[in-house]
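Listed below, chain by chain, are the residues.
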Amino acid sequence: MNCIYTLWIRQLRRYFRARSRILASIGQPLLYLLALGFGFGPIFQKAGQGSYIQFLASGVIGMTLLFTSVFSGMELIWDRQFGFLKETLVAPVPRILIMLGRTLGGATVALLQGLIVLAVCLVAGFRPVGLESIPMALIFMALIAIMFTAFGTAFASVISDFQGFQLVMNLLVMPIYFLSGAIYPLTNAPKLLAWIAAVDPLSYGVDGLRGVLTGVSHFSIATDLVVLVLLSAGFVALGGYLFSKVQV
Amino acid sequence: MIQVQNLTKRFDDLVAVRDISFEVQRGEIFAFLGPNGAGKTTTVNMLTTLLAPTSGQIRIDGLDLVKQSNEVRKRFGIVFQDPSLDSELTALENLQLHCALYSVPREERAPRMERLLRLFELWERRKSYVKEFSGGMKRRLEIARCLLHTPKIIFLDEPTLGLDPQTRHQLWNQVRKLNSEDGVTLFLTTHYMEEAERVAHRIAVIDHGQIVALGTLDELKQRTGAETLEQAFLALTGATIREESASGKDRMRTVARLIRR
Chain A
1 MNCIYTLWIR
11 QLRRYFRARS
21 RILASIGQPL
31 LYLLALGFGF
41 GPIFQKAGQG
51 SYIQFLASGV
61 IGMTLLFTSV
71 FSGMELIWDR
81 QFGFLKETLV
91 APVPRILIML
101 GRTLGGATVA
111 LLQGLIVLAV
121 CLVAGFRPVG
131 LESIPMALIF
141 MALIAIMFTA
151 FGTAFASVIS
161 DFQGFQLVMN
171 LLVMPIYFLS
181 GAIYPLTNAP
191 KLLAWIAAVD
201 PLSYGVDGLR
211 GVLTGVSHFS
221 IATDLVVLVL
231 LSAGFVALGG
241 YLFSKVQV
Chain B
1001 MIQVQNLTKR
1011 FDDLVAVRDI
1021 SFEVQRGEIF
1031 AFLGPNGAGK
1041 TTTVNMLTTL
1051 LAPTSGQIRI
1061 DGLDLVKQSN
1071 EVRKRFGIVF
1081 QDPSLDSELT
1091 ALENLQLHCA
1101 LYSVPREERA
1111 PRMERLLRLF
1121 ELWERRKSYV
1131 KEFSGGMKRR
1141 LEIARCLLHT
1151 PKIIFLDEPT
1161 LGLDPQTRHQ
1171 LWNQVRKLNS
1181 EDGVTLFLTT
1191 HYMEEAERVA
1201 HRIAVIDHGQ
1211 IVALGTLDEL
1221 KQRTGAETLE
1231 QAFLALTGAT
1241 IREESASGKD
1251 RMRTVARLIR
1261 R
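Chains as they are written, first to last, in my numbering: chain A, 1 to 248; chain B, 1001 to 1261.
Some hints could be false.
[Stated by the list, open to error] 30 angstroms max Cα-Cα, derived DSS-like pairs, lysine-lysine:
#	chain 1	residue 1	chain 2	residue 2
1	B	K1074	B	K1152
2	B	K1177	A	K245
3	B	K1177	B	K1152
4	A	K245	B	K1221
5	B	K1127	B	K1221
6	B	K1067	B	K1127
7	B	K1074	B	K1131
8	B	K1067	B	K1131
9	B	K1152	A	K245
[Unchecked claim] Derived list of chain B stretches under chain A, where covered just means 3 residues or more per stretch with a C-beta under 8 angstroms from a C-beta of chain A:
#	stretch
10	1077 to 1088
11	1207 to 1221
[Unchecked claim] If you want the ones that stay clear, here's a sample from chain A, every Cβ over 10 angstroms from chain B, calculated:
#	residue
12	L7
13	A18
14	L31
15	F38
16	P42
17	P94
18	S133
19	I183
20	H218
21	L230
22	V248
Source of the hints: derived by calculation from the structure; they are not laboratory data.
All residues carry an ideal CB built from backbone N, CA and C; glycine is no exception.
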């Protein structure tokens, strides 16, 4: 337990000390919110779908969680390159505890980023259905964060260089984002797209978040919750297994 | 203290360590020498549970390294060839993290950290970020860190690489003191022959993944008819320069070093 806490607090310390990183990682979602939210807003409204900002906010929060989580998970690559990983690998602690500490730390960092972006969305005009939706939204955000941090850890356990990281970012994380229904509704989407979205983990995260915050969801909130819990558990198990096999 | 039997490590197309056997006695200072790419670090990585052996057996303090890895890990400390500190944390935070990972009793943490930081002359800088430290300070901090859990064996993988003579001198004095006063067993690798000559009780020379000589300094000199360890070493391993094959990992390490500057 002590070991999990120690590695968790380490991630948080690193996060709060890298203020430029905090700012930089808000920039991108902000750009999406501005360009898409305000740019496509009028068309979205004309198409009879209501306010686009209302729709997009959950997607942009989901995007922040996705990117920050995967990045946090993949910080493992940095720790490997800068040597710190070895210090944890020779420690007399079961590897799974080290992985859990790292994952919870990374997920907490992502959750904090998600909350900042949620606040930005509120400033931009996003209005949740009510305050009582916030606790449930937090649960969805935490699940997305844990799932993708573990996903990043799993990949970082098997690839060891920065090129591999770029590959994962471009070939997996970007599609996961764009094909998840984060920026467009899945209802009425072409069959192929709807089919892909149905196997995209982020779809359920964004949909659940959107369902809770705005009352509109494509799958049901219960489905989203069950899928997310199962996927999170699955990725933590996979990440834990792959991390326990890491050699230097 | 360390028993190695028929240890082999094979990477895809390369045998890095080929069927080596040796023993290190309790309280001994054992030097492991060899040219670049001879298999030194691979052996150290296997002895410290970082790398699984392809075949062979390792026992440390009577325990099987593969089956009882966590028990074994409690018993040794290691200073790696490359730094393994978190440079975004302070010196003290790095030590605290180590205490937590090794379950050092709570009431002993503060006094031990203070004693070691003072011993290695880092107490005044305990609240500084490690990224602001010089190479020598990082090394000292790493040695202080590996002593926090009072290990019975310490592995030092080229500990003096890139250090100035003062720091080097101080380091070896500390190491000898640990050995003579606390009876700590030491396993070290180095490229500096005079260092091994000065501190080691016994020396093993490894080349192409095999141990080509093992004995006390005098034995090695006698066997090769050389006057210094360096001459003996060259007689045993030849004078040709080794090309270390640069793997992706090594190249990455170079990049990491550049960024760190």
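Does A:P94 sit more than 10 angstroms from chain B, CB to CB?
-> Given that some Cβ of chain B is not farther than 10 angstroms from that of A:P94, nearest at about 7 angstroms, it is violated.
Are all beta-carbon distances from A:L31 to chain B longer than 10 angstroms?
-> 27 angstroms, holds
Classify the label on A:I183 as holds or violated, using whether its beta-carbon is more than 10 angstroms from each beta-carbon of chain B.
-> 34 angstroms, holds
Would you check whether the claim that A:P42 is not at the interface survives, using Cβ distances to chain B and the 10 angstroms cut-off?
-> 45 angstroms, holds
Check the non-interface label on A:V248: least C-beta distance to chain B beyond 10 angstroms or not.
-> Check fails; 5 angstroms does not lie beyond 10 angstroms.
Whether A:F38 stays farther than 10 angstroms from all C-beta atoms of chain B, as the label says = Consistent with the label, A:F38 stays out of reach of chain B, its closest Cβ about 37 angstroms off (over 10 angstroms).
Under the criterion that the straight-line Cα-Cα distance not exceed 30 angstroms, is the pair B:K1152, A:K245 satisfied?
-> 27 angstroms, holds
Quick one: work out the minimum CB distance from A:H218 to chain B and report holds if it exceeds 10 angstroms, violated otherwise.
-> 41 angstroms, holds
Hey, B:K1067 versus B:K1131, does the alpha-carbon distance stay inside 30 angstroms?
-> 37 angstroms, violated
Is it true that the CA of B:K1177 sits at most 30 angstroms from the CA of A:K245?
-> 37 angstroms, violated
Whether chain A covers the stretch 1077 to 1088 of chain B (at least 3 residues having a Cβ closer than 8 angstroms to its Cβ atoms) | Satisfied; 9 residues make the cut.
Cβ separation check - A:L7 to all of chain B, threshold 10 angstroms | A:L7 is in fact no farther than 10 angstroms from some Cβ atom of chain B, at 8 angstroms.
The structure fails hints 2, 4, 5, 6, 8, 11, 12, 13, 17 and 22 (numbered hints given earlier, in ascending order).
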